[in-house]
Structures are given as structure tokens and as C-alpha cells.
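Colleague: Chain residues, written in single-letter form:
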Amino acid sequence: MAQFVKKDDDLDGEEYSPFLGIEKGAVLQEARVFNDPQLDPRRCSQVITKLLYLLNQGESFTKFEATDVFFAVTKLFQSRDLGLRRMVYLIIKELSPSSDEVIIVTSSLMKDMNSKTDMYRANAIRVLCHIVDGTLLTQIERYLKQAIVDKNPVVASAALVSGFHLLQTNPEIVRRWSNEVQEAVQSRAALVQFHALALLHQVRQNDRLAINKLVTSLTKGTVRSPLAQCLLIRYTSQVIRESGVNQAGDRPFYDYLEGCLRHKAEMVIFEAARAITELSGVTNRELTPAITVLQLFLTSSKPVLRFAAVRTLNKVAMTHPLAVTNCNIDMESLISDQNRSIATLAITTLLKTGNESSVDRLMKQITNFMSDIADEFKIVVVEAIRSLCLKFPLKYKSLMNFLSNILREEGGFEYKKAIVDSIVIFIREIPDAKESGLLHLCEFIEDCEFTYLSTQILHFLGNEGPKTSDPSKYIRYIYNRVILENATVRASAVSTLAKFGAMVDALKPRIFILLRRCLYDSDDEVRDRATLYLNTLGGDGSVVETDKDVKEFLFGSLDVPLVNLETSLKNYEPSEEAFNINTVPKEVKSHQYVENNRNISNINTCLGAPLAAPTSTADSYEKLLSSIPEFSSFGKLFKSSTPVELTEAETEYAVNAVKHIFDEHVVFQYNCTNTIPEQLLENVSVIVDASEAEEFSEVAIKPIHSLPYDSPGQTFVAFEKPAGVTSFGRFSNTLKFLVKEVDTSSGEAEDDGVEDEYQLEDLEVVAADYIVKVGVSNFRNAWESMDPDCERIDEYGLGPRETLAEAVAVVNNLLGMQPCEGTEVVPKNARSHTCLLSGIYIGNYKVLVRVSFGFDGPKEVAMKLAVRSDDIAVSEAIHEIVASG
Amino acid sequence: MEACPSVKNILLLDSEGKRVAIKYYSDDWPTNSAKEAFEKSVFTKTQKTNARTEAEIAMFENSIVVYKFVQDLHFFVTGGEDENELILATVLQGFFDAVGLLLRGNVDKREALENLDLILLCLDEIVDGGIVLETDANVIAGKVATHSVDSGAPLSEQTISQALATAREHLARSLLS
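Sequences listed follow chains Y and C, in order.
Residue numbers 1346 to 2230, in the numbering used here, belong to the letters of the first sequence in order.
Residue numbers 7 to 183, in the numbering used here, belong to the letters of the second sequence in order.
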């Protein structure tokens, strides 16, 4: 770029760039040189570089400009200059021309593809594959197949990598190249083998047998590049995952993974070590060699290696803390690592593997460390401390002190929230920590800049404070809020005061005085609340026993998800009829708490309101069903199941079913997709044989009129069943339709069709279909508020089970209720576990279940099931489900 | 985990975080402003670290970034959060060394901009649509440099074998030091 170069002396100390003052308009003008009859390759290259520079800086060309440049660029194929040709390739890829423009360059590119210069061939393949569409691809397919087995590795790699990308858009064409790709896997060129292996796996990924064969042959053969070796390790762990442990207790291919730990390339060693640590149910014996190599990496001079090792060990520490303890000394020296990511990972790993005696020493080290890391790392540390404290409850004092100290220091909202959440969990889980924890929180709200945290803490204080030995000491902190804070915080402070008043009779007169002062607040919400509470608590002078309804009003949780309530209120139109909270749908779409990336703890932070999740699917089902006249008389939809697949993946017709439960009816919604482009289906319906479901009788069928390729349609079948009864049954399904051939080029279907049938899997209506998942925010409160007379307890044997987690999963699937407070997760190697479930039974009965699991002899799991509900008959029904399940 | 190791982007920024050359291979950052925001956060977060002798590493939302600095140039390679860190580091090293070879050891922003065509070709030869094409710096630089031979670019003052020899020597020196 000679013309850009100025004299060095001119630019001492000032910013210099050959592109200084560059402008899009001017460069587009310059691009006219592409049209010169006498091409100047150097000048053209420079202009292309400028265009690419503009694109790189985020400048965008209008459609017109891009087309203009593209057409000009196509002229440059006349030049035989190698360097210019490379730049032409590059800019064509960047411009990604539209399909009608592509046609201009295809012949030039196809010529290059068959040129004698390997560089031309390789690049032309990459460019062409980048811009072609399906029809053009069939024309060049022959050349691509040849290129895959070309003796020049650059050409072969170019074709293979292009094939990898084309697989996304034109899978059926790339699948036809299997033989060539298979041949390329045997290539002597290291990278060709890598690319061929990647493509072959991608083509065959759904064929387990083929993958298994591929892995078996390659693990015995030679793999030349470290990258290919890494791929093979990934495929091998996939095969291991799918085949499990064999009878002899050996894991197939484990020896291969272990062998890779001695490979000369670090990336392969690491890939293998990581694969071993991620094997499901990995034993300590299997882990040891992997941990050993990772330990060596910890002391490497390369930060990337240390990071990779400590991150993997951190994950291992979650499931196998003991296996990692050998690395603790190396890990401790990493606390002072320059790279803060490494230091944080080291600390959190140590917190997981440490034993009770090392806690204090660790906390000391962390205190020094906390001041110089960013908030996001601090949150990770706080979460690690939270799980540590739950592991060693006796150490709560030093950990609580640590948390209260860092709570006083500077920090953003997320960080403070993490600390507050942790303290709340300590208070919930460790009875001894309650009083000191509450005081720490009180001190915090004295000087808290976050309204959200203040209100949450006040709410929590209202629930927990009255139950402490000396509730009066919290009143000062709460009333200070009424004097000092904004309206939102004042309002929640008023509610908290009322809760103390309701629970602690001795405090009542004083609370009334305070509440009366709030009647003159400047904010109406605060005044309204004060008035309301004074009246409900009988603040008109007479000190009376607070009755049950008032307590229910103050402490009871809202049993509908807030999101649903919000939607219902928005839809409510003012009329004679008052808003009825019972019409609000209660179904919470099974919300998996988004496991945060760090996976530090499974404890859900439940400060206050129940977590509600979007219920859009439930809503849309309801809308869909009520729009169909045949079903509109069925009443309110009780529950819709998750879709059940009725066909195997990748069959001609994909069908799944959703079960909609109404009080007296059940509607099956079959979602059908036609995956054959050459067919049009008409009059599609599902013939249901209900002979194994005696209490159900078919009342309506709604077929799909026409089902073209790849656009899903729904057909419905409705059944009547006895009201209020939980009827079960098995239904066998057959898809029935009229097939018409479609000419794919014209898209027109033939007039005549053929009747055909297609067998689907059976569908079952089970107990879980009659129970809606509804969470409660505080299980213990909810449990205690239900009538103990409606409780039924019984014990059951669950037979031999490998782990308690398996037993918990079985019962959860059977009942289909919402696990509360994270109790669906069983700690590793636990000998006993209690799972808390909540839901609504058909007929709108609230049901709470407490299941305690334990081992009864070797591998035999027994469980004790306690059920409370609004109606004793429902409690018995739940037991019946379990007994028969 | 991705079945095939993949690179989300390669960035070459200057000492103020401005773009010298960039290439994105994934759709994680659909708009230019999203890309710029990512570059800014990567740059500010890594700015103060010392990544001059050994490549450094950092985590971002769903990504891992490995990076290395020389003079006023900052090299970054981004991959998914489950990606093998060492593969990303190998790609980074390949890019870094290839640029060193192509700029004949004078690796700074000015030289890079003056030879931007070489840098862009270099990016094109390392990764294609997220898939690693080549990681050996000599091969990468060789592929890029071959094309300059006729074009009369500054490289033509030296024959290509000479240029590579000087560059290799420089590389060897930097490895030994």
C-alpha cells in the first residue's frame, strides 16, 4: 500500500492511520476504477481494502450501493492478478449478494473451482458455498464431491468445511457425500481428517450405531491432529453417555480417555480430563488420573491453563468434593493469582472442599481478597459462603459476621441482594442464627439505598420478628422507616407494624399509637394501610384477641401466581359483577429456576412473594379451545399437560398430543407436522380407540382440512367423563388421512388422493393430569394453616432403587405436583430426604404433601407420605394414587 | 457442549478499544451496536491486565475470551462458555504469530492498518464460519503471503522465502526469550 505511507517524521506523537478521514461516498466513487478497461490490480486491491475497512468499522451499504459495488467487483475476474483475486473473493463473501445477483459470478467462480491453481480452487469453493442456494448447489455438487477427496489438503478442507455449513441449509444434498467424507477421514493430512470427522459426525449424529462404529474404529486407529483428537474425545463421551456401564462394571472406552491424558498436546489432555470428570456417575477411581493432570495444570505458567484446570475442578467439587481436596494447597496459592477469575474460582472451590476446621482460616484470606474484586465475583463468593454455611451450621457465627461486615461496605444492588438473601436463608435454616441475623438486617435497613431490599426485609421481619424472644426491640427500627423513608418503604413498614400487633398482644397498645400517627401520612397508600390495619386489629380502643381471619389476611400468602392475577385484572371490565379472584388461573407453568451459570447452590432465595412464571402457553391453550364452537360449552379449562410425543423423531409424520382436562370433559389436541415435501395431507384426523378407558365416551372430532409440508396443524378429539371423578385410561391412536402427491417444482398437488393410516403411540390419562402445579411461598406456614384433621399419613415401600433422587423423581412424576423450596433436589449420597409438594386437585382443592424418603435395608427405599388438603376425601384420593401407582 | 469446537469471533482492537479488524462468526451479537457493546466491555475489562507475555483469559456472560496484547494492539478470540479454553488459546496464538510473520515483526497499529488487506486475509484463513481452518502460524502466513507475490505490495522488495525466514527467526527469538 505504498501510497498510504507517509514520511515517518511527519507524524511523531500524532495518531496516524492510512484511513484517516475516509468517507463512504468517496470510496464508492473510487470503486469506479473496477470498470476501467485497463485494470490496475494494485489500485483495485486498495479500493477493496478500503471498502472492507468501512464494513469492518460497522458502516453499512444500502441495497443499491451493495449491488452496485458487487456488479463492479465482478468485472475484476478479468484480471489474472492473484492478490486481487483473493480480495475479490473476500469482498464477495462480505457483500453476501442476493440470489438473483449470484448468478453473475457463478460461472467465474466455477471456472476458478476447476482451475489449476490450488489457491483459486480452495477459495472459489468457499466463496461459492457461501453464496449458493439449493438449485445451484445441485449443479456444483459433482465438483464438491471431487474436491473432498482432492489430494491438496487445502482444497479438501475448503470443501469439507463448506459442507459443514451447507448441512444447515441443504442437509439432503450433503448427506449424499458420505462416501467421500468417509474417505477423507482416512486422509494423511491432519486438518483434513479433523474437518472430515466433524462433518461425518454432523451428518450421522442421529444414527447411534454409526457413531458407535466410527468411535470404535478411530480410537484404535491413528488420529493426526490434536483438534481431531479433541473431537474424537467428545464423540466418545457421547457414546459412553448413551451406552452406560456394562455388566462387568467397566465403562467402555474409558481406557481410551485415560490414554489421552498422556497425549503430548495440552488441549487433548485437558479435553480428556474434562470428559472424564463429566462422565455420569463417575467413580473416584476413574476420576483420580484426571484430577492428577488438572492439578499439574494448576501450577502452569500459562493463565489459560490454570483457568481451564481450576474451572473444571470447581465443577468437580460440586459433586465430588473429596476428590479435589488433594489440590487444596495448589488452590490456596491461586487465591493471589493476578487473574481475578482464576482467584475467584479457586476460592469458591476451596469453600466447597474445605472442612469445618479450615473455615476460619479461609474466611480470613477471603476478607483481604474481597476488597479488590468486582461485584460479580463477590456475588459468586457470597453464594459459595451460603452453601458452606448450610453444610457446617455450627460455623454460622463467623460466616454471619463476615456477611454483615461486607453488607456494610460499598456495593451494587445485585451484590447486596445476594448477601441479604444469604442471611435470610441462614435465619430460615439455622434456628440459632435467627436473632442475630434479624438484627443485622435491621441495621442494614437503617442505611439502605435500595427500596426493593428495604421492603423485602420489612416483609420478612414482619413474619419472623414476632416469633422471637423479644419482639419489642425491632419496633424501633421499623418505626424509623415510617419517619425517614420514601412512601413505598413507609407503606411496607406499616404492614410490618400491623403484623407485630396481630401476633404479640403485649405490644398491641403501643402499635396502635404508632399506627394512628401514620394516619396523617402524606401518601394515601400509607394512610389507607394504617386505617385498614387499625380496623382489622380492633384499634378502636378495645384490646381483643386477634381472630383467625385477621391472621390469615395478614400472613396468608396469595395462592394465585401474581402474573396470572395481573393478566386477569387487565382483562376485567368494570361491570355489575365484582372481580372474583377464584377465576384467576392457578397453574404455574413448571418453572425451572434458571440455574445460574455458576451453579453454586440449589437453594432458591425465597424472600417474599411467590415466584411466578409466565403462563402464556396456558393462556393460549385456553384461547384456542374456547375459539372452537364444539368445545366452548365445556367450561373452564382445568389443566393442559405438556406435549407427549406420539411418534419417534424423524419419522414421516411428527405428532405430539396435549391433554386438556375439563370438569366433565377431556380434549386431546394432536399437533401434527407433515415432513414429506412431496405430499399434501387432507382430512387428517386421529381415530382413538378408547376400549381401555371405560369411563370415557367420545363426543366430538375436529379434523384438519389440509396439512401441507412443514406447517403444523391441530386436530382434536373430545371425550365426556363423569364429573368430579378422576377417571383414568389408555387410548390407542391411529392417524387417518388422504394423501395427495405434490409436484415439488410447481408446488401443485394432484387431484386424486389415497386413503392411508399411520399408527401412533398410545396416550394415557393419569392421576397427575388432575393435579395442577401450584407453588406456595412458605410451605411450613401453609402446612400449619391447614386443618390437621384432614391429614392422612401412610407408609409405602418403593422397592429397590439406585438412589433417593430416582425415588423422588418417580413420586414427582406420579403426582405431578409443584416441588417447593427446592426440595426436589436430593443432595448427593443422602441417606434420607424430605420432599415438599403442593398443588390444586380437580374441583379446586388445595393439596400439600410432605414425603420423607429413606433407605430401608440395602437399596430398598421406603417413604412416609403425609397429605393435607381442604377435604379429607382428596387426601385419601392422593394416597390411592400412590398406592396404585 | 458443541460437538465441534467453534469460535464466536476474532477481534483486533487498538489501545483505545477501537476496531482495527474484526470478524464475527456467530449470531450472538446481531447488530453493530451489540457488537460494539461487546467489544467495549471486553476491552474495558481486560485493559488493565498484563497479557503481553502469556495469553490471558476472562469470562463474559456466555462466552470465554482469550487475549494477548502487543504494542498498541489487542488480540481477542471468543468462544462459547463450554469451549475448550486451550483450543481457543491455540487459535489466538495462530492469529497472533501469523500477524507477526506477515508484518515482519513490526506489530503495531500503524503497520497493521497499512497492511490491513493481509490482516483480513489472515482472519479469512484461520476460521471459516466459526470452524477452525488452520492454527499453524507459518501455514496461515504462507497462504496469505503467496497472494501478495504478484501484486507488488511492499513485500515484493523481499522474496517470499526471505520474508518468511526473517519472520521465523523473529518468532524463534520471541519463543526463546
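Source of the hints: derived by calculation from the structure; they are not laboratory data.
There could be a bad hint or two in this list.
[Unchecked claim] Partial list, derived from the structure: chain C residues whose beta carbon lies under 7 Å from chain Y: (1) Tyr30; (2) Asp34; (3) Ala95.
[To be verified] Think about it this way: if two alpha-carbon atoms lie no more than 30 Å apart in a straight line, the pair counts; the simulated BS3-like pairs of lysine-lysine are: (4) Lys1456/Y - Lys51/C; (5) Lys24/C - Lys46/C; (6) Lys54/C - Lys41/C; (7) Lys1438/Y - Lys54/C; (8) Lys54/C - Lys1762/Y; (9) Lys1853/Y - Lys1818/Y; (10) Lys1408/Y - Lys46/C; (11) Lys1709/Y - Lys1660/Y; (12) Lys1408/Y - Lys1438/Y; (13) Lys1709/Y - Lys54/C; (14) Lys1490/Y - Lys1456/Y; (15) Lys46/C - Lys1762/Y; (16) Lys1420/Y - Lys1456/Y; (17) Lys1438/Y - Lys24/C; (18) Lys51/C - Lys1660/Y; (19) Lys1660/Y - Lys24/C; (20) Lys54/C - Lys1369/Y; (21) Lys1408/Y - Lys24/C; (22) Lys51/C - Lys1709/Y; (23) Lys1438/Y - Lys41/C; (24) Lys46/C - Lys1697/Y; (25) Lys1490/Y - Lys29/C.
Using N, Cα and C, we set each Cβ at its ideal position, and we do this for glycine too.
Colleague: Against each hint, give a clear statement of whether it holds in the structure.
Modeller: Structure-based check of each hint:
At its closest, the beta carbon of tyrosine 30/C sits 10 Å from a beta carbon of chain Y; the interface hint therefore is violated under the 7 Å criterion. With 7 Å as the threshold, the beta carbon of aspartate 34/C stays out of range of chain Y, its nearest partner Cβ sitting at about 15 Å, so the hint is violated. Among the interface hints, the one on alanine 95/C holds; its C-beta lies about 4 Å from the nearest C-beta in chain Y, closer than the 7 Å criterion. Of the supplied pair hints, the one linking lysine 1456/Y and lysine 51/C is violated, its CA atoms being roughly 48 Å apart against a limit of 30 Å.
Pair hint lysine 24/C plus lysine 46/C holds up; C-alpha atoms about 9 Å apart against a cutoff of 30 Å. Under the criterion of a C-alpha separation no larger than 30 Å, the hint pairing lysine 54/C with lysine 41/C is consistent with the structure, at around 21 Å. Between lysine 1438/Y and lysine 54/C the alpha-carbon distance is near 36 Å, which puts this suggested pair outside the 30 Å criterion. The straight-line distance between the Cα atoms of lysine 54/C and lysine 1762/Y is roughly 28 Å, inside the 30 Å bound, and the hint therefore holds.
Distance restraint check for lysine 1853/Y and lysine 1818/Y: the Cα-Cα separation of roughly 14 Å lies within the 30 Å cut-off, and the hinted pair is therefore satisfied. Taken as a hint, the lysine 1408/Y and lysine 46/C pair is honoured in the structure, with Cα atoms around 29 Å apart against an allowance of 30 Å. Only pairs whose Cα atoms come within 30 Å are accepted, and lysine 1709/Y paired with lysine 1660/Y is accepted, the gap being roughly 24 Å. For the suggested pair lysine 1408/Y and lysine 1438/Y, the alpha carbons sit about 15 Å apart, so the restraint of at most 30 Å is met.
Proximity of lysine 1709/Y to lysine 54/C is assessed by CA-CA distance (about 27 Å); at most 30 Å being required, the pair is judged to hold. For a cut-off of 30 Å, the pair hint linking lysine 1490/Y to lysine 1456/Y stands: about 16 Å separates their Cα positions. Straight-line distance between C-alpha atoms of lysine 46/C and lysine 1762/Y comes to about 27 Å, which keeps the hinted pair within the 30 Å bound. As the CA atoms of lysine 1420/Y and lysine 1456/Y are separated by approximately 15 Å, the hinted pair is consistent with the 30 Å bound.
Using a Cα cut-off of 30 Å, the hinted pair lysine 1438/Y and lysine 24/C holds, with the two alpha carbons roughly 24 Å apart. For the given pair, lysine 51/C sits about 24 Å from lysine 1660/Y by alpha-carbon distance, which is consistent with the 30 Å threshold. A C-alpha spacing of about 36 Å is found between lysine 1660/Y and lysine 24/C, which places the hinted pair above 30 Å, so the restraint is violated. As the CA atoms of lysine 54/C and lysine 1369/Y are separated by approximately 34 Å, the hinted pair breaks the 30 Å bound.
Under the criterion of a C-alpha separation no larger than 30 Å, the hint pairing lysine 1408/Y with lysine 24/C is consistent with the structure, at around 27 Å. Of the pairs offered as hints, the one joining lysine 51/C and lysine 1709/Y holds, with about 27 Å between alpha carbons and a cut-off of 30 Å not exceeded. Restraint check for lysine 1438/Y and lysine 41/C: the C-alpha separation of about 19 Å stays at or below 30 Å, so the hint holds. Of the pairs offered as hints, the one joining lysine 46/C and lysine 1697/Y is violated, with about 34 Å between alpha carbons and a cut-off of 30 Å exceeded.
Distance check on the hinted pair: lysine 1490/Y and lysine 29/C sit about 29 Å apart at the alpha-carbon level, within 30 Å; holds.
Violated hints, in rising order: 1, 2, 4, 7, 19, 20 and 24; the structure is consistent with all others.
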